[in-house]
Every structure is written in structure tokens, then in C-alpha cells.
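Protein chains: 2
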Amino acid sequence: MKNNKIQPNILPGFMELLPKEQKIFNDMLRKITRVYEENGFKSMDTPVIEKTEILLAKTAGETEKQVYSFKKGSNNLTLRFDLTVPFARFVVQYFNELTFPFKRYQIGKVYRGERNQRGRYREFYQCDLDIIGNNKLSINNDALVISMVSKGFKAIRLKNYKFQISNRKILSSILEEIGVLEKNEAMILIDKYDKIGEEEFNKELEKLVGYEKSSIINKILNSKGSSDEIITKLKQLNLKSEKLNVGIEELEQVRKMLLILGVEENEYVINLKIIRGLDYYTGTVFETFLEGNESYGSICSGGRYDNLARNYTDNILPGVGTSIGLTRLFFVLKEIGFINNYEIENLVEYLIISIGNTLEYCVGIYKQLQNNGKKVELYLEDDKLKKKLNYANKLEIQKVILVGEEEVLKGKIKIKDMVSGNESIVDYDQI
Amino acid sequence: MKNNKIQPNILPGFMELLPKEQKIFNDMLRKITRVYEENGFKSMDTPVIEKTEILLAKTAGETEKQVYSFKKGSNNLTLRFDLTVPFARFVVQYFNELTFPFKRYQIGKVYRGERNQRGRYREFYQCDLDIIGNNKLSINNDALVISMVSKGFKAIRLKNYKFQISNRKILSSILEEIGVLEKNEAMILIDKYDKIGEEEFNKELEKLVGYEKSSIINKILNSKGSSDEIITKLKQLNLKSEKLNVGIEELEQVRKMLLILGVEENEYVINLKIIRGLDYYTGTVFETFLEGNESYGSICSGGRYDNLARNYTDNILPGVGTSIGLTRLFFVLKEIGFINNYEIENLVEYLIISIGNTLEYCVGIYKQLQNNGKKVELYLEDDKLKKKLNYANKLEIQKVILVGEEEVLKGKIKIKDMVSGNESIVDYDQI
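Which chain is which? The protein sequence lines are A and B, in order.
Basically the working numbering = 1-based index in the first sequence + 268.
Basically the working numbering = 1-based index in the second sequence + 268.
Check before you lean on any hint, since a few could be wrong.
Same chains, same names: a pair is fine if it fits in one copy or spans any two.
Claimed, not checked - Listed next, the in silico DSSO-like pairs over lysine-lysine satisfying Cα-Cα at most 30 Å (straight line):
#1 319 to 339
#2 655 to 310
#3 299 to 288
#4 422 to 642
The set of hints was computed from the structure by calculation and includes no laboratory data.
Produce the entire structure from the sequences given, and follow the hints as far as they go.
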């Protein structure tokens, strides 16, 4: 440690990447958002800081404890803890200037002062995608949203992800029909199924609703089989609930649309244990797990909500959306070796190295190659050749153009392939 | 205003864009950073929140008053107010893992609680570009940095920008040579020249250094003529100052390199009044103005510094860099009508509209067109045709594919050009 120097480091729970990984992160982001844009989703950006009264309008105690809030002058300010609340505010604020259905995506950092754990970040990127209707929104959008994530994952060549899909109306109405009075508590418990494990879950559920109802619930939750078979079993329950029938119909329609939108059978399963946040989602819900790595938790989740912005407007704005926690996804993909094998081209194709008094000549080559659409970097330092070649090596630039005074006199340039080590001499005019 | 509803709005001094402008903003960003990447600059990202002791290590009172600082638990936290301080910390923290010269660019939001004025933002994007050497860095990089901005501006078709370039060593040594004791005060005053105007400047300068010295300074500052002529006049001063000679040599070399790097004569002038921050820059300095709109201030500035990170390390890390204040630039470009005329293609080429019970057929077309590389959006709502066409109109999608039940039976699709209004019928197989 040096005298009088401040030790350079960042806060725990904040991610920072070295250039090579940053490039992969950016590449993934670019490919996913490209898919979103090509399908008509508009980019959106909102401030990181908003008024506390706006951001915390509808949240209860748990969120408030986690947020970064502070005062500046007489204003109570909060750093956004998700992109959904600012989105709701945005849609209402610019309502008359937006075209509905409004399809948007947004990438941004959000802040949660959570307990510091491996893989949990206090600052992390979210990549949200939503479709908002004015008064109504077709159920087909639920499938479209899932298909966008599927296309995004395919664009980055991610495999082994599995969407686990349900519809909140189904479980909710079944619990009502079989007379579970503690419906919310039961749903919160079901939401925790994977976290606490089967045994603990059974014990807790029985304590909550009694042995008989707990058996019925368990049987339904653990329906095995193809999506078709699960849907058939749900129909055979023969419960006379309008809400249940709507839920089943919606699930069937989502399934049908997924098929025709090109989301393959092996990309998703129906899992009635998927619940998501209680006070927000109302229909389709889904989480996404990496098969064989489910313990890392969901890498992308989303669903349908009846009304995006009731805190700011009386307009009814139904929507469906999804969010990828990019920072966490990157962490998980690093852990499972995906990042290490991520193939990414080096944008820079050539490094031009001047030897002796040839810089001007080198810049000429640089300009000419760039005019021909080549990606070229100039090495400008007056270093030893070894150091110059080392730069190309470290940065994985495949081809080095070496220009000494002799080459200039002869109107030639030497090209060295850093992978094979081969050298070739070409005429300057041939570039 | 509605009952019990929170009025949706954002804080003053924060910029938010509607989708169409956001798209232009993103396009500009993409084009500029593409230039940077193609020339070997690596992307970098740092946290928005850092420890106060890191961010405010070297700043004096003025900055501290403007920053957003707060406590979370026992930590003193600050939102970054520029990208340079985090960059310095980053370079030292990961020193052994970086390849020097380290070329990086970074785009991110920074925070300054400045007095709220038109065109001044409290949250704004900066786009920084820097080259850092380990112990030494060639003067040629100073020109390279300016040429990167030039290429970036050309990529977004910005015209009429003018780099105003100087070298701090020149003015500094001249003031020393003519015996100005109040050198720092004089330089601060010169920095304000354009802000306070000639008359006020002359009065203040005379008060500070006396009539005689003030005349000499004014004559030098207002050297007119081409870059060559100004450099010649500086040489003719015949002051026996080593520092002055170095400054002139550096300026000449930057000028020479700008020429061979393809920065045109009409893109820059030498302006000895350019000073920049006193405690940071040590050689080349530049600002960039829009000709005819100088009153908006500099849209991009930068320069050479001897040592990036003296607060964190004893290593000597000379560098040269530049920063574009993107949020402010966007504001200025809106004001002068550039944004309004910014040409940007609509990524989505086709909107497919289903009429009657033809959705499945439409999705087939959608998939087929996308497989052929076309950018297609599906209209999924069950609305009146007029509303569907209106959606295409508002979002400026040029071609609409209309599929009614009749078209399905005949294996045909109807394509409507929304600009000309022309309709054509093509076979489904022809897509």
C-alpha cells in the first residue's frame, strides 16, 4: 500500500467488468435489444432519481427498507428500484403522445440495498419489455412477450433455458373453490415451494389448510405430463368456476400462440406452482430457469397485469411484460461457463505498427483500409517491437501490419497473422 | 386532475424523451460509439454510486456543494459527477489486468445538483473517450482523440462544429515570461473571456496585471490567421522559454497529425484563449463549438493530462481524453433544428394486420418474412381497420400487409404502401 493514497475499490454488491467481459455483456445486450427493436418495441429511458412519492406510491414496508432514499434541498428523492414504476408514471405522463398498444423496452440500472450475497447485486441492470393497451389488450400478447425472450436468448445462443408458465387465475380459483380461507397465505407459501423444498412445504401447507385440502392442492400442483395433459387434467377437475375456466382458456390460447410464433415445445412447461408477486400479476405468469442450474433461481420473469398505473390515473391500462435481470444473468452465465465460451469477434481486424520513421506512411494505410470498411487500429507509441506485438496478442487482434523504412522505400507492407505466425508481403497498392 | 391520484412528473433538470426522439438519441450514440470501437477503444462501465472518499478525493469545495451525497447504513455514498474520477480509480484498481496504452470509452449518467437552468441538466449522459499510457504517451494520441470526435460527428452528419485547440504550456509560459505574478488568476480570467465579453475582460485583466502586460497578453490571445500563421507568430515572440518551445512543438505535432489523420483544416482553429480546468490539463486542450451557435457553449471538450490517478497510486499515468455531454448536446441540437431533420430509418418495414379470423395465417407470414431477414411487426388487437392503419401511420411503418379471410382462401396477401397509398396483391408463395 502506498503512502497517502486512497485504496481504489468499489462498494460490495456492485458489479464491474474488465474490458473483455464488458464486451460480451454489451454484445448480449445488443443482440437482445436488436430482437426487441426489430419487432416494433420502442426504446425508453427514465431518470435514475425520482421523487420518493412517485416511486414509493404503491409499495409497502419491505420495498421501502431496501431503497436508496435521501434528501436534496427540500426534495425527498429515491433511486429507482425497478423499471416498472417509472414506466407506469411515464405512460400516464405522456399518455396523449403515445401510440397504443404501446410496446417498449428499457434497459437501465436499478438500486436495491439488499443484504449482500453472492450473485445478489445492489446495483444491477434490468432489461424490461412491456406491451400496454388502452383499456384492453389481447391475450396473444402474453405469448408474444415470451416469444421475444425466446428469440433474444436464441440470438445470444443461450440453450437449456426453460419457461415455466402458469396463469394466476387457475390456482387462485381452485383455492377458492376448495374453500381455502387463507388464500393469500397459501399462495405466498406455494411461491416459496422451490426455495423451502417439498418436505417443509407439505408441513407448512398442512398446518395452514389442513390435511385434506393440502392433499388436493399438492396433487394439482404436481400434475406431471405434457402441457396438453396438464390442461386436460385441469379441465377434468370439473369445478364450476367461471374464473377457472377463463384461466384455462387463457393458458390454452397462450400455448397455441407460442406454437405458431415458433416457441418450441421443449422451451417451456406448464408449472402451476409459478405465482410471482401477489399484488401485481393477474393472469399469465412465468419464470425462466436454466435446466440443470435451477438453484440459481429465475433468470427472466414476467406476466400479465390488469392495470399498470392505478396510482396515477383512472384510465385502465392492462399490460403484459417481462424483465431480464442482466447483471444477475451475467453472473450466473459466468458461473456455469457460458461466458467463457461465448464467441465474439474482435471488431478490430488489423493493428498497424510503425517501425522507424514511417508513421505518416502508416496513417496513410490506416486511412485507406478504413475507407475500404476495414477495422484498423494504429499503434502510436514509440516502443520496442516486442511490446507492440504483445499489445496485438493481448487484445487478440488477428493481423498486424508491420511497416519499416525498407517497406516504405519498396512500396510494400508486411502482414503478420498473429494466430498462425505466418507473414506475407503485399504491395501497398494492393491494400 | 383525478382524485387520490399522484400527479405523474419528473424532477426539474432531468431529461426524458418520447420514443421518436429517444430513437434518434440512441442512433447518435450508437454511431459515435461504433466509431470508437472500430478504432480499438474498449467499452467500460462503472457504478453510479461510489464511496464518497473515492469520488471526492481530489475535489475542492465547489464540486462538493453540487454532488448528490447521502448515507446508507454507515457508508458515505456519492453519485458520480463525472466519468473521469471513476475511470482513474478503475485504472489503478485493475492496473495489472489492463493492456497499455489503455484505450477506453464510457457512456453513463452523471449527477450534478446545479442551479436549474435551461439546457443545464442535473442528470446527464457523458460519453468519454481516453487513452492512458503507463509512464509515457505519445503526443500523437492528442490528435487521434480529436480525430475520433471528428469521425463521430461525421457519422451522425453533424456539420459546422469547430474544434478550438490550444496547448496549456504556451499561455502558461508566456505569462511566466512576461512576469505575470498572478498567473492562475489571469488564466481563470482568460478562461472566462467568451462568457464575460471583450470589454469586461480587458477591464479585469488590466486591473489584475496592469496596462502594459495586459496589452501584450491581449495581442497574443487575439492572434488572427491560419493555424500556421499563429504558430509562426508564437515562434517570433522569441521568448527563451523551454516550456514555451515544448508547447509550440506539441501544438505543431498535433496539427501535423490532424492533417494526416484526415481532420480537415476547416474543422479546427487554434485559439489560445482555450484553458479548461486549471488543476488537471497540462498540454493540449480543446473545446468544440457549433459555428453560429457558439452561445450554447462547448459541446465537447478535452485535453492532455500528465497524471490521471495520483490520488490512488504512485504510478505515473499520462493520458489524453475527451468528453461529449450527450444530454446537453441533444438539447442544443434540438434547439437548432438538427434533431428535427435527423434522418433515421424505421427499423420495422412491415405491419401485418389480420382481418377476420386470419391470425394464424398472419403469424405464418410474419415468421416467413422474419426468416428472410425482414423486420415485421404483428398487430394483435381486435380493433377496427381504421385504428389498425392509424397505428402504422403514427409509427411511420411504411408497408402494411392486410390479410382478410378472402385473401387466405386465395393464397394471396395485400400490401398497402402507407406513403403512396398504393395497394398491390401478391401470391403468398412470393413473399
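message: Reference check for the pair residue 319 and residue 339, CA-CA at most 30 Å: within, between, both, or neither?
response: Classified as both: same-chain Cα gap 10 Å, cross-chain 18 Å, threshold 30 Å.
task: Tell me, please, which holds for residue 655 and residue 310 at an alpha-carbon limit of 30 Å: within, between, both or neither?
output: between (46 Å within a copy, 19 Å between copies)
field: Alpha-carbon proximity between residue 299 and residue 288, which holds within one copy, between copies, both or neither at 30 Å
entry: Close inside one copy (17 Å) and across copies (21 Å); limit 30 Å.
task: Using 30 Å as the alpha carbon limit, work out where residue 422 and residue 642 are close: within a copy, between copies, both or neither.
output: Cα proximity of residue 422 and residue 642: in one copy and across copies (28 Å, 17 Å).
Checked against the numbered hints above, the structure violates none of them.
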